[in-house]
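Visitor: Single-letter residue listing:
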Amino acid sequence: MTQTPDITLSAHRLTRRYGTAVAVAELDLELRRGEVLGLLGPNGAGKSTTMQMLTGNLAPSSGSIAVCGIDLLEHPKRAKAKIGYLPETPPLYRELTVDEFLAFCGRLHKVARADLKNAVTEAKARCGLADMGRRLIAHLSKGYQQRVGIAQAILHKPDVVILDEPTVGLDPNQIREIRTLIRELSGKYSVILSTHILPEVETVCDRVHILHHGKIVFADRIEGLRRSRQVENLLLGVARPPAAETLGAVLRAISGVQDTQPLDNGLTRVRCAPGCSPAEAIAQAAVENHWGLTQLSPERTRLEDVFAELTRQDTNTVAAA
Amino acid sequence: MIGTIAWKEFRSLFASPLAWVILAVIQLILAWVFLFQLSQYMDNLPRIQQLANPPGITEIVVAALFGFAAILLLMAVPLLAMRLFSEERRDQTLTLLLSAPVSTTEIVLGKFVGLLSFLAVMLGLCLLMSASLALGGTIDWGLIAANSLGLLLLVGAFAALGLFISSLTQHPAIAAFATFGALLLLWILNSLVQDPNQPLLYLSLMKHFDGFNRGLIDTTDIAYFLLFAATFLTLTVRQLDAKRLQG
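First to last, the protein sequences are chains Y and C. This note's numbering puts the first residue of the first sequence at 1, with every later residue one more than the last. This note's numbering puts the first residue of the second sequence at 1, with every later residue one more than the last.
For the record, the hints were derived by calculation from the structure and aren't laboratory data. Even for Gly, the Cβ is constructed at its ideal location relative to N, Cα and C. Any given hint could be a false lead.
In the EDC-like style, the derived pairs of lysine to aspartate or glutamate whose C-alpha atoms are separated by at most 20 Å in a straight line are [unchecked claim]:
#  : chain 1 : residue 1 : chain 2 : residue 2
1  : Y       : 215       : Y       : 309
2  : Y       : 117       : Y       : 88
3  : Y       : 188       : Y       : 30
4  : Y       : 215       : Y       : 26
5  : C       : 243       : Y       : 74
6  : Y       : 142       : Y       : 115
7  : Y       : 117       : Y       : 100
8  : Y       : 77        : C       : 91
9  : Y       : 110       : Y       : 100
10 : Y       : 142       : C       : 140
11 : C       : 243       : Y       : 88
12 : Y       : 215       : Y       : 28
Coverage of chain Y stretches by chain C, computed from C-beta distances (three or more under 8 Å per stretch; other residues unrestricted) [claimed, not checked]:
#  : stretch
13 : 89-96
14 : 105-114
Just chain Y, same shape as in the assembly (with noise of 0.2 Å):
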């Protein structure tokens, strides 16, 4: 990677309006090279919207997209030789075999002749879709058009790889591997996620924004929440709890431990100090006591509660957002 992160895709004060509806309103965005960009938001963000005009399947009410330093609606042709695009929906023609799709892909990238089989049987490689090759796309699991939908985005080694809700509908261990996948991709490309499954974003992303009614609520390095997830609180659910100030008492003797609080679900809340990470010592308790441990689990993460909190739907949020 290159030591001065140079900027790979840059938007600024993108709007676009649906009639009189804003669907994404005055948003900046830039992403480096090699970096992994997680677009969050519930249903009707704009995240779509969004990346549609990153891609140039849209274009903008206002505002402007740079790609590489190439104004994309200036000079869409080429700006869009250095976009990869998998859409919600993977565009493939299912008549097709996987090399054929792929090569017609290329083609139309404009991979030069001599290039494109090396490069189809690369991309295929990389989304383990090496014995593919030759059956019908049509006959191919959810799981593999996926991978398929992913190889045309790369196919091209472009500079910005678009990928919106890729592992939707996907079963456990694939979403792991396409996660693999788009974490071996951010070493060559720079890459935009778009998703509304927060741990996703949390092992894949470099950084996050939140988009909620068209404007980008918040924006952070996934360490910047790392860090702040250190403060956490514990779930504790026990069989046979003694008296509410029983538990607490004991539990505040921990060190680590700043304070309890039962909750109405018949489980307690123990605030952590910063830094701390008192579980084993409160676990412990729990078994000398013989209160019957069934449940110690940190609470919703940092994440989830900035999600929530962000992308609430009562107007205060709104107005104040």
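Dock chain C against the given chain Y, drawing on the hints supplied.
Guide: For chain C alone, kept in the frame of chain Y given last:
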């Protein structure tokens, strides 16, 4: 780029059973017409020869064959053209072409050329049947050439209109029927209009094909078909661009 897209369309057409069925049915019907006309000619040969200026075998068999082919293609082209954009939009595969570094014009022309190549295969079969007459006698190659050119221009016009209507809707069936309706209307326009000086009459596809069918190559007719195709191809490009702007 146009070639790449055209080749893909051509391949896709042959990958679908619909295209094969259409090809087979049309070939069957045309072969029947061909043989029927041929036997009519043979049966009536003594009487035909008594005429002062007797029509040749080409005029009786080939002209009828091409005239019939035009009507069959009027029905077949909407079915073949409906998939070009409607199906791509329904299956959301159009995104692939729109995100690739190709212009809208290249996409439209590519699809048009792809469909036209398929139709040219059909035309080729017609031509082969007509040429087989040369095995048993002398034929009027000029008339065959005029008919082939006319039919090619005609299906080009059909395909352009079909392509445009296909870009208007996501439902292939609607695209097919609307195209068929529009083509049929343009075809029978001359029987619907009473007054021979009506300018509307000028739009009739049949009237412009008739010249070619009789062996008359008229630049007015050629210009009509080329303009017809160009108009609808331009409209298709405009339509796709408008989609991108309006979403």
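Visitor: Decide, hint by hint, whether the structure agrees.
Guide: A quick look at each hint next to the structure:
1. Simply put, residue 215(Y) and residue 309(Y) have alpha-carbon atoms about 15 Å apart, close enough for the 20 Å limit, and the pair holds.
2. For the hint pairing residue 117(Y) with residue 88(Y), the CA-to-CA distance comes to about 27 Å; that exceeds 20 Å, so the pair is violated.
3. Taking the CA atoms of residue 188(Y) and residue 30(Y), the gap is near 17 Å; set against the 20 Å cutoff, the hint holds.
4. Distance hint between residue 215(Y) and residue 26(Y) is fulfilled; the C-alpha atoms sit about 7 Å from each other, no more than 20 Å.
5. Simply put, residue 243(C) and residue 74(Y) have alpha-carbon atoms about 18 Å apart, close enough for the 20 Å limit, and the pair holds.
6. Restraint check: the Cα-Cα separation between residue 142(Y) and residue 115(Y) comes to about 29 Å, which exceeds 20 Å; the hinted pair is violated.
7. Between the alpha carbons of residue 117(Y) and residue 100(Y) the distance comes to roughly 11 Å, so the proposed pair stays at or under 20 Å and holds.
8. In summary, the hint linking residue 77(Y) to residue 91(C) is not supported, as the alpha carbons are separated by about 24 Å, beyond the 20 Å threshold.
9. Pair hint residue 110(Y) plus residue 100(Y) holds up; C-alpha atoms about 15 Å apart against a cutoff of 20 Å.
10. Distance restraint check for residue 142(Y) and residue 140(C): the Cα-Cα separation of roughly 57 Å exceeds the 20 Å cut-off, and the hinted pair is therefore not satisfied.
11. With a C-alpha separation of about 18 Å, the suggested pair residue 243(C) and residue 88(Y) falls inside the 20 Å cut-off, and the hint holds.
12. In summary, the hint linking residue 215(Y) to residue 28(Y) is supported, as the alpha carbons are separated by about 9 Å, within the 20 Å threshold.
13. Counting residues of the stretch 89-96 of chain Y whose beta carbon lies closer than 8 Å to any beta carbon of chain C gives 7, which meets the minimum of three for the stated coverage.
14. For a cut-off of 8 Å, the count of residues in the stretch 105-114 of chain Y with a CB near a CB of chain C stands at 5, and the three-residue condition holds.
The structure fails hints 2, 6, 8, 10 (numbered hints given earlier, in ascending order).
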